[in-house]
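Residue numbers (the working numbering), protein chains in the order written: chain Z, 1 to 96; chain D, 1 to 496.
A portion of the hints provided could be inaccurate.
[To be verified] One-sided and incomplete, this derived list gives chain D residues near chain Z with beta-carbon spacing under 7 angstroms:
| no. | residue |
| --- | --- |
| 1 | R65 |
| 2 | G197 |
| 3 | Y330 |
| 4 | V339 |
| 5 | Y343 |
| 6 | A348 |
| 7 | I359 |
| 8 | I361 |
| 9 | T363 |
| 10 | Q379 |
| 11 | A433 |
[Stated by the list, open to error] Where chain D lies over chain Z, by a calculated footprint (3+ residues, C-beta under 8 angstroms):
| no. | segment |
| --- | --- |
| 12 | 12-23 |
| 13 | 62-70 |
Rather than coming from a laboratory, the hints here were simulated on the basis of the structure.
We put the beta carbon where it would ideally sit given N, CA and C, even for glycine.
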Amino acid sequence: MPSGSIDIRYVAQLARLALTDEEIEIFGQQLGNLLEHVNALGELDTASVAATAQVVESRNVMREDRPVPCLDRERVLSQAPQRQGGFFRVPRIIAE
Amino acid sequence: MASPLIEKSAAETARDVAGAATSAAEVTEATLERVASVEANVGSYLTVLPELARACAARVDERVRAGERPPLAGVPIAVKDNMCLDGTRTTCGSKILESWIAPYTATAVARMLDAGAIPIGKANCDEFAMGSSCENSALGVTRNPYDPLRVPGGSSGGSAAAVAAYEAAIGLGSDTGGSIREPGAFCNLVGFKPTYGRISRYGLIAFASSLDQIGPLTRTVEDAALAYDAMAGFDPMDATSLDKPVEPAASALRENLQGLRVGIVREFATAALGDELDAVYRQAYRDLERLGAQLVDVSLPTADYGVATYYLIAPAECSSNLARFDGVRYGLRVDGNDVREMYDRTRAAGFGPEVKRRILIGTYALSSGYYDAYYVRAQKARTLIARDFARAFATCDLIACPAASCTAFPFGAKSDPYSMYLMDYYTIPMALAGLPALSVPCGWSTPEGGTLPMPLGLQLCAPLFEERLLLGAAHAYERATRHALARKPALEESRA
Numbered sequence: 001m002p003s004g005s006i007d008i009r010y011v012a013q014l015a016r017l018a019l020t021d022e023e024i025e026i027f028g029q030q031l032g033n034l035l036e037h038v039n040a041l042g043e044l045d046t047a048s049v050a051a052t053a054q055v056v057e058s059r060n061v062m063r064e065d066r067p068v069p070c071l072d073r074e075r076v077l078s079q080a081p082q083r084q085g086g087f088f089r090v091p092r093i094i095a096e
Numbered sequence: 001m002a003s004p005l006i007e008k009s010a011a012e013t014a015r016d017v018a019g020a021a022t023s024a025a026e027v028t029e030a031t032l033e034r035v036a037s038v039e040a041n042v043g044s045y046l047t048v049l050p051e052l053a054r055a056c057a058a059r060v061d062e063r064v065r066a067g068e069r070p071p072l073a074g075v076p077i078a079v080k081d082n083m084c085l086d087g088t089r090t091t092c093g094s095k096i097l098e099s100w101i102a103p104y105t106a107t108a109v110a111r112m113l114d115a116g117a118i119p120i121g122k123a124n125c126d127e128f129a130m131g132s133s134c135e136n137s138a139l140g141v142t143r144n145p146y147d148p149l150r151v152p153g154g155s156s157g158g159s160a161a162a163v164a165a166y167e168a169a170i171g172l173g174s175d176t177g178g179s180i181r182e183p184g185a186f187c188n189l190v191g192f193k194p195t196y197g198r199i200s201r202y203g204l205i206a207f208a209s210s211l212d213q214i215g216p217l218t219r220t221v222e223d224a225a226l227a228y229d230a231m232a233g234f235d236p237m238d239a240t241s242l243d244k245p246v247e248p249a250a251s252a253l254r255e256n257l258q259g260l261r262v263g264i265v266r267e268f269a270t271a272a273l274g275d276e277l278d279a280v281y282r283q284a285y286r287d288l289e290r291l292g293a294q295l296v297d298v299s300l301p302t303a304d305y306g307v308a309t310y311y312l313i314a315p316a317e318c319s320s321n322l323a324r325f326d327g328v329r330y331g332l333r334v335d336g337n338d339v340r341e342m343y344d345r346t347r348a349a350g351f352g353p354e355v356k357r358r359i360l361i362g363t364y365a366l367s368s369g370y371y372d373a374y375y376v377r378a379q380k381a382r383t384l385i386a387r388d389f390a391r392a393f394a395t396c397d398l399i400a401c402p403a404a405s406c407t408a409f410p411f412g413a414k415s416d417p418y419s420m421y422l423m424d425y426y427t428i429p430m431a432l433a434g435l436p437a438l439s440v441p442c443g444w445s446t447p448e449g450g451t452l453p454m455p456l457g458l459q460l461c462a463p464l465f466e467e468r469l470l471l472g473a474a475h476a477y478e479r480a481t482r483h484a485l486a487r488k489p490a491l492e493e494s495r496a
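Just chain D, same shape as in the assembly:
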């Protein structure tokens, strides 16, 4: 019998631990027990950290006894394995970093721990965060807790599965083109990508630096706000982090949408997604209206070019960022007769097929003779996409659209790379424009060939820096609809 402690939201746990109604140690033990009983069926974690978790819990309990009330006291978290945590293995889901031990802690992770969170483990992800299903991890398989035959989404799939399976209350993810929002939708969670630059990326292993952003995966909007409040804000260690004051989002949660105009994107008509999904999204828009929002028609004419734009910019940046994995200073080395051969062999053995594909695309797009035709043209398309949003936000306060075009799919269903790239169709435009966006549960649908109803996510997007408005509105929608509570994960606990 699982402990009731594991199903509590981060907000409830923090309140109970800070108020000494329970202890961080108890919550940690219950969570570690849960991990032991379900991991064989889920596979959220690449590394579980019982010793570190217990040590952190003891410190939090000590702080509470000393009169402190840490905002995330005793909250168990899953950290995507592309974020450094001092003294722990940090792999990026790649063979090239399979046994690398991080010598420092990422700012975002450090801020969560300072706020009282307990690191339960390092969560699986697509290799170097490149993928939309977690299937590109070289180090493990993660299953969707709502149907073990289906993927959890990606690239932050391990963080999402951990939270959905009650193996953590908050999962830290990173979103480059949709890697928090899509797994959030697939696993019945809130997946929140703040404005580009809001959360420091110091210690986040870089994939595409003009896009990468850290954010939380949680079971409630309130928990997403608490995690954001703990992590957001300028960090001198990351020159791209925004030097702007952050107002707490947890105090901006709304109960209605009175006075808000919500833009429905003409180009994202949901009829194309089939009758069942169309009905779910139409109902979601009606619910926004019922809560007091005024729905307005907006147009993002260039959004359709998002995927093409993204698959030039992100690989170009990845080919540059991943040049550092050369067998010299850390990670895998495969010997060669000279240094050049050592580089070539190390990278061939250390990177998986998707990473190689993206390095090749990016190297090509940046190579002499093609740079203007591909990379610069994509950057110009990016300007047009950002302008589309700016124009739309002149007539609305928020934009609503699907988070994904389908529910979680079966393993192996997207073996053609381009079909996998299209999974980010609805999430890429916001990433290219740097906008804050989130996915919030909006209903269920049993996919063709499936036997279990799977969750769907509504994506909400706000203008730059408007996280409080975004989370506030998502909270009102969540409270009024309660879709996430309709079902529990289908996974069975295996007896150890």
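The following block holds chain Z by itself, in its conformation from the complex:
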């Protein structure tokens, strides 16, 4: 199992989470502690074991491709933090 400490700042960036310095310190300790526990999995011989993603008979589910009613657009958009007409409005994405 990997060793060493987690770069919490980098992981938080990947997770799109703004953390305070205090959170970075606390979470860093707590996650380091957790990793010590999960490192116990290194004791298991898994060399010839297949990974299980899902336990119960997973299969592709096909259905006919025909239109059926969906959620009402107005009701869905009514929950948007900000909207413009039939769109979700967000802050600018591309710098000017």
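Got chain Z sorted already, so can you dock chain D onto it with the hints?
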């Protein structure tokens, strides 16, 4: 004086309402009164729904007058607040969804309502179902009705407390690593997690998709069977729901365990839990034997790695599932100068510490360079755990073990995250293997530092799809021991 209607089981209420001995309206009014008088001391609900409840009750009474006999006619239910109910606030116990109104109803909830159940309210839970005490809810405190200084368990703690305090007859919960079974044990209830995929998760806000399963919390095994019968079965809206016929469990309830072999797990020796709990569980195993079961020794050598396995897989899936909460389409938004800053700030303000921890663990476990070492290794450990159960079930029909390692603990007792994670030690392996399992009351113990006896739960687990066997056996045990009836909740009704 509380109405006698509120203490009836779901089965009794449904029979009385369907037989017109009482009405859904009367049961609903009695339950709403109960909620008004005890909620200040319990805090089961984040949202109480008197108008919707009354409207549903009127419809059920109408159906009964028209000659229908709905199987859950007039049965008051508490719905965990991670399940959508059209037009009602659905929060997941999180600030990020604090004022979100669901635009549709979860299949499991819809099936309960079709069966005649009355939605009394949306029940508190640990934020996004992450926790074992309900303390991680950002929106409210829920107390254990058997000792208000102690937690109800979690994450389905509000649903459990509501049923224990007679604020509902059935609580809908979701179990990812033990979130139905542990609060069931802590609140003197039956907490039942069916086989993975048995009950549709359409409208259940996802936490860890390879594990999440909906199930009931009830005061009797029969009620758990009735709720299961109402909810189970394929749903085209959930591609992971099992396309398999469901035979009714309510007709499979047994009075003895003749001919059944019950496996006692060598690695789960209860001596480690202290003399008092050890005695309770040993007595429970003896009672299974007295009912006709043959006890056999089974081994789950990899089960000890369950917690480590779970705390990689569940956070990994959570980090992916919770990516959708980004301030764009629903829920909280905290503005930023660009969309990236808006995401970062929204999620920082909207998620509580436990959710952040799990998102960070999961993101790390899935990140480049660590994926094989953590996530894939955990999935392989999961294979080994599932194999352990398969081997054990070659020599037994059911497995019996504790549902939790202690009784309900005081608020704040598990402030170290890992100590809280260990609360699911006995329930995680079954979740990882997708197996049906339940907790049924098996005795009482006064915890150190406590003054009131608190309930304990026996966990029973069956092979995949064997819900009828599981509920049937639990019914025989319940009928023969009647532990749940030994005490009533300690809460006092506050005068409004």
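D:T363 was flagged as interface toward chain Z. Is the shortest Cβ-Cβ separation under 7 angstroms? 4 angstroms, holds
For the restraint on D:G197, tell me whether the closest CB of chain Z is nearer than 7 angstroms. Hint on D:G197: holds, closest Cβ of chain Z at ~5 angstroms, below 7 angstroms.
Minimum Cβ distance from D:A433 to chain Z below 7 angstroms? 6 angstroms, holds
Hint check: 7 angstroms Cβ-Cβ cutoff, D:Q379 to chain Z: 4 angstroms, holds
Supplied contact hint for D:A348, tested at 7 angstroms Cβ to chain Z: Interface hint status for D:A348: holds (4 angstroms vs cutoff 7 angstroms).
Check whether three or more residues of the segment 62-70 of chain Z sit with their beta carbon closer than 8 angstroms to a beta carbon of chain D. Contact hint for the segment 62-70 of chain Z vs chain D: violated, 1 residues under 8 angstroms.
Hey, does the D:I359 contact hint survive, CB to chain Z under 7 angstroms? Check passed: Cβ of D:I359 comes within 5 angstroms of chain Z, closer than 7 angstroms.
Hinted contact D:Y343 with chain Z - closest CB pair below 7 angstroms: The hint holds - D:Y343 has a Cβ within 7 angstroms of chain Z, the shortest such distance being about 4 angstroms.
Hold the hint about D:V339 up to the distance rule: shortest CB distance to chain Z must be less than 7 angstroms. Hint on D:V339: holds, closest Cβ of chain Z at ~5 angstroms, below 7 angstroms.
Could you check if D:I361 really has its C-beta closer than 7 angstroms to a C-beta on chain Z? 6 angstroms, holds
Against chain Z, run the beta carbon of D:Y330 and see if the smallest gap drops under 7 angstroms. 4 angstroms, holds
So is the segment 12-23 of chain Z in contact with chain D by the C-beta rule, three or more residues under 8 angstroms, or is the coverage claim wrong? Contact hint for the segment 12-23 of chain Z vs chain D: holds, 8 residues under 8 angstroms.
Hint compliance for this structure: hints 1, 13 are broken, all remaining hints hold.
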